[in-house]
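Trainee: Could you put the whole structure together from the sequences, leaning on the hints where they help?
For the sequence shown, counting from 1, position 57 maps to 57 in my numbering; every step adds exactly one.
Quick caveat, the hints were computed from the structure, so don't treat them as lab data.
Note that CB positions come from ideal geometry on N, CA and C, so glycine has one too.
Hints may be right or wrong, so weigh each one.
Have a look at the derived ranges for each label pair, beta carbon to beta carbon [claimed, not checked]: (1) G258 - F206: 19 to 25 Å; (2) G26 - R153: 25 to 31 Å; (3) S62 - G26: 22 to 28 Å; (4) P134 - E78: 25 to 31 Å; (5) P140 - G26: 45 to 51 Å; (6) N219 - R257: 38 to 44 Å; (7) S268 - G138: 36 to 42 Å; (8) N14 - P255: 42 to 48 Å; (9) S268 - E204: 30 to 36 Å; (10) G241 - L143: 47 to 53 Å; (11) K114 - S70: 25 to 31 Å; (12) P342 - R68: 38 to 44 Å; (13) R153 - R257: 30 to 36 Å.
Subject to a maximum C-alpha distance of 30 Å in a straight line, what follows is the list of computed BS3-like cross-link-like pairs (lysine-lysine) [claimed, not checked]: (14) K152 - K192; (15) K75 - K169; (16) K169 - K192; (17) K169 - K152.
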Amino acid sequence: MTVPPYQIQELITNVFSQLSDSVLQGIQIRCGQALGTELYIGCSNGELMRFSLQGDSNKAESYTILSRQSVPNDKAVEDIVLLPSISRALVFSDNQIHFYTLPSLDVVSYQLIKPIRHVITFAVDQLHLLRPMPPTSGPPHRLEPVDFCVIKRSSLAMYSLGQRLFYQKEIPLPQGGTLARRIGSSLCIADKINYNMLNLETAEIFPILPLNQDVDAPNLPVEPFIIPTGEGDFLVVSWTGQSSMGIFLTGSGDPVRGTLTWTQHPTSICLDLPHATAILPDGTIEIHNIDSQSLVQVIPPPPNDGPVDRTRLVSSLLGYIVPSDQYLTKMSKVPVNLDRRPASKLGS
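Mentor: In structure tokens, the structure reads:
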């Protein structure tokens, strides 16, 4: 029997269980991230919530809320990016990047680092996102700074973040950008028409693929997707008019691997090599093997009386712990007789 690569498991039954119905009105989860035993959630009312997995030998593990706070101006939290190698988190809200500590999710003092304003989107170097957390014991560990790019209205600013934030340089970007992802010195960036590749060292930029290839509906707005694979290339998705096509591109814009196909344009995509997982507009989840380009699993949409609509997939690059009650069902306590004889008499 073939075992499917994935299954859906609910982590928290009701994130807003502590709120009254009157307060809850209209509040939604906008983003989330996980690392180890910690779960971080951003909400449409500007709240940041921190949950932690609590274990108990007598009952199933579960996530318990540890803290909740609001970003300035109570604006929606659009994204949370974890930087475990330097124990920091970037929180994107109201076109600003705010800086928090990990795992406590405390605000970094504004006297140390002020928020970055007028941000359209931003991209942390994927190679730096994959760095592990520093060891908790042993000699002091030198923290390598994390590099990221900030796309503004008509320019791109480059920063390096360690204990402090350092501005590196600015690159003109007349066409702007709506989404960007970075691997080393290569930045794949989408504007309103094309996917483009930008060399951050030379500032050279060139278009590589239109978002919409449908000649019958050239003005149809198409949501861009750029997903780093973790192996030096990007997955981008383009609508052809009949289906959506996923193409893997190197930092030079050259196609590699094979091509993925979806009958509808996805609403969310993430990678967990060798699989690409996508949510389609009807809530169906399709999982492809990117090596064979074959569809290996389909998870049907939730029932009408089931959970709320599936809206977003998120990759937690360094992994997280999933609660499990299997040990409770497969293990039970049994009495054990202890031999109280002195060690010298054992075996006699």
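Trainee: Falls inside 45 to 51 Å, the C-beta gap from P140 to G26?
Mentor: Between P140 and G26, where Cβ atoms are some 47 Å apart, the hint holds.
Trainee: Between K114 and S70, is the Cβ distance one that fits in 25 to 31 Å?
Mentor: 18 Å, violated
Trainee: Tell me if the beta carbons of N219 and R257 are separated by a distance inside 38 to 44 Å.
Mentor: Taking Cβ atoms as reference, N219 and R257 lie about 31 Å apart, which means the hint is violated.
Trainee: Is the hinted range of 38 to 44 Å satisfied by the C-beta distance from P342 to R68?
Mentor: Given a distance of about 57 Å, which is not inside 38 to 44 Å, the answer is violated.
Trainee: Can you let me know if the beta-carbon spacing of G26 and R153 is within 25 to 31 Å?
Mentor: With Cβ atoms ~30 Å apart, the hint holds.
Trainee: Take a look at whether the Cβ-Cβ distance between G241 and L143 falls inside 47 to 53 Å.
Mentor: 49 Å, holds
Trainee: Does 42 to 48 Å hold as the CB distance between N14 and P255, or does it fail?
Mentor: 45 Å, holds
Trainee: Could you see if the CB distance from G258 to F206 stays within 19 to 25 Å?
Mentor: This hint holds: roughly 23 Å between Cβ atoms.
Trainee: Do the Cβ positions of P134 and E78 conform to the proposed distance bound of 25 to 31 Å?
Mentor: 28 Å, holds
Trainee: Straight-line Cα separation of K75 and K169 no greater than 30 Å?
Mentor: Given that 30 Å is the threshold and the Cα spacing comes to 29 Å, the pair holds.
Trainee: In this structure, is the beta-carbon distance linking S268 and E204 contained in 30 to 36 Å?
Mentor: Since the Cβ atoms of S268 and E204 sit about 31 Å apart, the hinted range of 30 to 36 Å holds.
Trainee: Okay, R153 versus R257 on CB: inside 30 to 36 Å?
Mentor: The hinted range 30 to 36 Å holds for R153 and R257, with Cβ atoms some 34 Å apart.
Hints 6, 11, 12, counting from the list given before, are not met by this structure.
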